[in-house]
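Protein chains in written order, with UniProt numbering: chain A, 1 to 435; chain B, 1 to 435; chain C, 1 to 435; chain D, 1 to 435.
None of these hints come from the bench; they were simulated from the model. Model, not experiment: these values are computed from the prediction. Among the hints, a few may not be true.
The calculated DSS-like cross-link candidates involving lysine-lysine, where the alpha carbons are at most 25 Å apart (straight line), are [as the list claims (entries may be wrong)]:
1. K71/C with K37/C
2. K71/C with K71/D
3. K37/D with K71/D
4. K37/D with K9/D
5. K37/C with K71/D
6. K135/D with K135/B
7. K135/C with K135/A
8. K37/D with K71/C
9. K71/A with K37/B
Simulated DEER-style distance windows between Cβ atoms [said to hold, decoys possible]:
10. S355/B with S355/C: 38 to 48 Å
11. Q378/C with P293/D: 24 to 34 Å
12. G110/B with D190/C: 40 to 50 Å
For every residue, glycine included, the Cβ atom is placed at its ideal position computed from N, Cα and C.
There are 4 protein chains.
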Amino acid sequence: MSFTPRPSKTAPDTAIYDRRESGVRTYSRSLPRQFDKAEGVWLHDVNGGRYLDFLSGCSSLNYGHNHPVLKQALLDYIGADGIAHGLDLHTSAKQSFLEALEEVILAPRGLDYRAMFTGPTGTNAVEAAIKLARKVTGRELVVAFTNGFHGMTLGALACTGNAGKRSGAGVPLSHVAHEPFDGYYGPDVDTAALLDQRLSDPSSGLDAPAAILVETVQGEGGLNAASPEWLRAIAAIARKHGALLIVDDIQAGCGRTGGFFSFEGLGFTPDIVTLAKSLSGMGLPFALTLFRPELDIWSPGEHNGTFRGNNHAFVTAAASLRHFWADDGFQDRIARLGNLLEQRLEQMAEEHGLSTRGRGMMRGIDVGSGETASAITQACFEKGLIIETSGSHDEIVKVLAPLVIDEALLGAGLDILEQSISTELAPAASLSAAA
Amino acid sequence: MSFTPRPSKTAPDTAIYDRRESGVRTYSRSLPRQFDKAEGVWLHDVNGGRYLDFLSGCSSLNYGHNHPVLKQALLDYIGADGIAHGLDLHTSAKQSFLEALEEVILAPRGLDYRAMFTGPTGTNAVEAAIKLARKVTGRELVVAFTNGFHGMTLGALACTGNAGKRSGAGVPLSHVAHEPFDGYYGPDVDTAALLDQRLSDPSSGLDAPAAILVETVQGEGGLNAASPEWLRAIAAIARKHGALLIVDDIQAGCGRTGGFFSFEGLGFTPDIVTLAKSLSGMGLPFALTLFRPELDIWSPGEHNGTFRGNNHAFVTAAASLRHFWADDGFQDRIARLGNLLEQRLEQMAEEHGLSTRGRGMMRGIDVGSGETASAITQACFEKGLIIETSGSHDEIVKVLAPLVIDEALLGAGLDILEQSISTELAPAASLSAAA
Amino acid sequence: MSFTPRPSKTAPDTAIYDRRESGVRTYSRSLPRQFDKAEGVWLHDVNGGRYLDFLSGCSSLNYGHNHPVLKQALLDYIGADGIAHGLDLHTSAKQSFLEALEEVILAPRGLDYRAMFTGPTGTNAVEAAIKLARKVTGRELVVAFTNGFHGMTLGALACTGNAGKRSGAGVPLSHVAHEPFDGYYGPDVDTAALLDQRLSDPSSGLDAPAAILVETVQGEGGLNAASPEWLRAIAAIARKHGALLIVDDIQAGCGRTGGFFSFEGLGFTPDIVTLAKSLSGMGLPFALTLFRPELDIWSPGEHNGTFRGNNHAFVTAAASLRHFWADDGFQDRIARLGNLLEQRLEQMAEEHGLSTRGRGMMRGIDVGSGETASAITQACFEKGLIIETSGSHDEIVKVLAPLVIDEALLGAGLDILEQSISTELAPAASLSAAA
Amino acid sequence: MSFTPRPSKTAPDTAIYDRRESGVRTYSRSLPRQFDKAEGVWLHDVNGGRYLDFLSGCSSLNYGHNHPVLKQALLDYIGADGIAHGLDLHTSAKQSFLEALEEVILAPRGLDYRAMFTGPTGTNAVEAAIKLARKVTGRELVVAFTNGFHGMTLGALACTGNAGKRSGAGVPLSHVAHEPFDGYYGPDVDTAALLDQRLSDPSSGLDAPAAILVETVQGEGGLNAASPEWLRAIAAIARKHGALLIVDDIQAGCGRTGGFFSFEGLGFTPDIVTLAKSLSGMGLPFALTLFRPELDIWSPGEHNGTFRGNNHAFVTAAASLRHFWADDGFQDRIARLGNLLEQRLEQMAEEHGLSTRGRGMMRGIDVGSGETASAITQACFEKGLIIETSGSHDEIVKVLAPLVIDEALLGAGLDILEQSISTELAPAASLSAAA
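The following block holds chain A by itself, in its conformation from the complex (with noise of 0.2 Å):
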């Protein structure tokens, strides 16, 4: 997997969608070819076009597209008619997925969780998640994070901080504070200072909360990495005033930061965890959420949805945590490529004074603007790169370069990046040199 991109130069006819698709497609836009086969770290366009893909479906193909163990697994399971869809039935393939479950990830690291299988989207499984936690202790508010992004249904919504998204609900968003993030007022707020303090002040008018909602690294939200301290503060917090703490590790797990859960190894466990992305292995619809199992309190159909036990997904998710997570030797691989990752980037934001942020295989670079950011996407993709930015003003470029990449081909894409972003940089640079 050593070749080289080799971007198409025209966008194809649009015409069937500017007839047809609704006006609220992003990617396309920014993106605009029409994309027909993948494999790897590779998407190819319908003009002979090759792309590597630095986005990886916002962190859903982690393991590369149509990774041949899984594409088999599943060929099999179709062709010997295996279940589509069986509603929340007992099926072989859930079965098999459990057990791989529990087996490889669960048993290896001491936790003891429940799986709810939520309709395969990730907003249903913070949707759940939310609504466990109501439940479970009676309360009404959550408490959530600036920058967070957890959904786009209407109570994941509320947990949401992007006000272009917030906006979209027509009706206002309740029964959520957003309170903030770990270093979001500098590096010397200790912000879960100033949430505890809140929490026990009567007069605060903060609620007591039934969850805290926290993702480790904010995806959407600008790539922020909390610190094991402040995550740990968090989940004592959590404890102290009898709140459930949620894992949002919808983007961050399944190896993204470096083990298959974001929080391992930070001297916690959460409550709840949520898993969705790259849980199918293979981009296919899949959701989780995950729970202690005390807190398996649902009466049977409480939460349902019809597409709530993915057979298929069942199926590639199991091959690929039978496939990826049996031994260390993919986790010490993520922590290899997320070594290098962080050393290239680094580089570059030293280059040209800016910043990084992110953990493992989850990183990115602030260019300080979302103009800026864009035009250095443009030139990436111009050169045969797909890469794509997040943050309040999509000010980081991020890389989500898929797991499976080999160090050569990884820092070939970051060699377009780091070219892109001296080209647009420049500019600006000799122009005030200039001045």
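Fit chains B, C and D to the supplied structure of chain A, relying on the hints for placement.
Here is chains B, C and D on its own, set in the frame of chain A:
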């Protein structure tokens, strides 16, 4: 496809589910088998049992399990490394789906809709629909109906009538008024007129709504079929009061009630339509919100979601549209099957002094109580027929047979139902005769 | 008190109001005089005009203006430096009021209520009532009725039907369902039965309510008088479904409909009652929430307010209770006046093909439109009679004469009303006769 | 007025209260006497006890009890049959009040406000203020502050910080964010800057607010006085983000902090101001919402209320404005008294290692815990001084002496406070000394 059911007698070991799956699961309680494979109208369990499927994934499998045409299309696509996950990028699979939607469905029906690919669950499609209606009208209230079912995320759950589901929310469900559905107050009360009276009265306390959200036949709510007159009245009321009419066609659409859309030929056109369940044709997660182009005022990305373009589902959905809906054959078939179903259910109802509900191939029989209905469906299961209940008290035995079933097998399944009803209702009858 | 009205012909200078008073004011628009003094049934303006008052401060002056007994009691109290403001301290004035309430009102009627002194406005009393019902039941929904009016603060406003008032909120008004009042759907529809049906149906979407909040005669909503049967049914429904019955007696109580409470003799006892308006007897701000002692689960100070003990109002209220309600004389008088009023209004209605509304001395006549009603009340005003409108479209001319009026003056006022109706309705009549 | 307090030793019979008054009452618990008469700074109980009043009706009696000038004006008005209740009609009493407001208060301060007479309680004035802000801006969120207190009706209660009060609501309190007040995070954290950061960040989750609602000195919240710099910053932030600035001057206004408005001379002008408590001058229910004329977009009657024009209060309020505020004498007096109060409290604080709070004649001393504060105020009460507490944990002993008190009596009251503090804090001190 004329062999007979062959139920297993023993339930499989459920230890892994007891240990690892949330108690929120339901169908595995009333159908305690582990299923493995499925084709057409048949579900197979791991002990060699064979079940006739009159549940069809709650109408998600209108074309049966693993239909060979759809299955082959999907195998080919995966085999050729077709993109599995593409966010909302333009892909060949999406193009094919949109073209099939336009050519086979919209154009022949004179419908001009834009398609919004929401997260691939019905509840996400409903959330998008009501968000859009609120955004377009600048109003907040949604009028939904008694016994309506629209999903489990907070926005859709607020529109759902079921108290058991609603209680899961843990917060009050706001911004929705639940009005009486057609026939709710008996055949003599025109509930559309009641609604119009209140909306026309500036002191009724019923605020001007953003949308009226209706199922033409209520799936979970008990197979209540609204009359065309009532639906036209509701459409007129929406228009009169500046609200958008949303038809939630997630369960009743895709052929279940006769046409592709459940509202075809009824003399009105919704502003917004939601689809999911059988849309992919093969039970894959897929959902769609359709709306008049003038309503497409979304900002790019204002409502998004990781799995909003499920390319595998695009492939099977496009194949299903072209295979089943290119001419009138399938629709004629549904009409024939629906007549047979109606006739048989009416006969059973008459014999036992019961009543029937529904339209097309979405029909049921009211057996008076949830206990009786449960006894009947259990008796059916022991004879190899999978069939379930719906309604306020689960008192409706509902027949959601695959639309691809042949008449002989439909008859065979209904024979099992008839026997089970006779057995379960007989004791009460003889007891009352004896008294 | 048998002299005649003597309206002023000129409106006074309003510059100070135009400069300094908010445009939210209303009555000064339709009654453009500056008033100065008042006694009994008469209002005097600064230009020497004299007006017969059939508005009575919207039923806040049931005993007329400045009744000599109450006035003297207040003068004595103030003259002796009686405490004016005592928060919720025990004061002699409060003791006297509570004793009068117990002896004159509660004991003779066999009612066992505790009194909560809320902030001295009706809306505060309603807020306290619904807070308490929510606290006692642990539920959130309040069932209120079409055309109900309960106040302007957010909790009470949510219970109010009027769209113009509701739109002032600026936020959605939640946690309240507005159900059809008695007769709302015409004489043949039993709206209590409709409510019971929905509350009994677990899929109706109508959540189990904390309270049902009802006016026995809707003041602002158009003088709709509920039948005793309907009210008893509502009381039974509340009990059946575990909700508290709140009677908002702010406008209909204190004698307006006959007894001290509007629900006397109707065969049910509310759990909670709100009083305000004529409670002080002299138009002073005063409000009260009464409830069964078992419901008194408030923590000290859980609901408070600076003016929650208006000692001046305690004094006049106690005096009014002892003066008017110690025996049956006043009640008999209201009955006689009410009969006269009913007779005269029926006569006017018959003559013009109109209909009447109301009960006791709280009656009105539906003149078909707000324009007509306004023309009639303007014509009355020009003849020296102050009278106003209510109803969804302000189409009801309402007679809220002081209860202390003598029959001659009541008759004189009704003569003015009758002439005004004839004059205003005649042109239309002759026009249609000519056509 | 230099005689000394003379407390009663026996509590009166409370049977009538136990039987008939709700347990929600509070002050009668800590001040268990029955009060009867009052003049100036003195409260008299029915057993001949005499108490110096450092509570002043929670700042509703800034001019003392039954001030002779106000009392005479009211006696004259009532004696002459002045209108007591006039809805929102133009009355001579209202005219006089508006003229006094304009001439004595607004014009000399260069303020151009319109007056809205809301229901005569502070909470009603706050509800009107936030309604108007929401209406004007089309936004829903209100930013309020930690420890803020704004009233008990649902809209105002949502803005109140106190958990005990909030829990009474029985429904979630929405559409309000509670931000840290000045100094909340200690002297080194500029909480205005934190607020600005979040409002400026489109991903903070803090929606654009309709209003920022602030007390310059928090009465119930613990006498926290915001610095002029912080208040100016908040005013600038409101303007920058398109929100209206509402100063809730219900407790701090009417001279309590020095000027008529608490914000005078601080370098900013609120868009909306609420007044109540001492506004009538004599403790009568009266409230006012003032706002810039451009904001007066109310429809007639959009917000109303039966007692929205309390004519008795107009009379005493007008008299109080003309008597106390026509020249600088009263303001100078408050300044002198405030300095004396500050000096004495600082001295006590220093002696016992405590800290003081507040501004002008609205000051208190933080004694560390609610238990200590309660012991101190009880000790004062036994010596004939009525004084109360505030703060998150009722740990602040607050001095709200009448502004008409003479220096000797203020000193005498403070002597009692000083002794009580010494007595109550001494044992702990000697104990710790002994340890």
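Verification of the hints:
Note on K71/C and K37/C: the hinted pairing holds, with a Cα-Cα distance of about 13 Å set against a maximum of 25 Å. Between K71/C and K71/D, the direct Cα distance comes to roughly 15 Å. Compliance with the 25 Å bound is thereby established for this hinted pair. Simply put, K37/D and K71/D have alpha-carbon atoms about 13 Å apart, close enough for the 25 Å limit, and the pair holds. Simply put, K37/D and K9/D have alpha-carbon atoms about 18 Å apart, close enough for the 25 Å limit, and the pair holds.
With a C-alpha separation of about 19 Å, the suggested pair K37/C and K71/D falls inside the 25 Å cut-off, and the hint holds. Note on K135/D and K135/B: the hinted pairing holds, with a Cα-Cα distance of about 18 Å set against a maximum of 25 Å. With a CA separation close to 18 Å, the supplied pair K135/C and K135/A stays within the 25 Å bound. Taken as a hint, the K37/D and K71/C pair is honoured in the structure, with Cα atoms around 19 Å apart against an allowance of 25 Å.
For the hint linking K71/A to K37/B, the alpha-carbon distance of about 19 Å falls within 25 Å, and the restraint holds. Between S355/B and S355/C, the C-beta spacing of about 41 Å keeps the proposed range 38 to 48 Å intact. Between Q378/C and P293/D, the C-beta spacing of about 29 Å keeps the proposed range 24 to 34 Å intact. At about 44 Å, the CB distance of G110/B to D190/C agrees with the hint of 40 to 50 Å.
Checked against the numbered hints listed earlier, the structure breaks none of them; every hint is satisfied.
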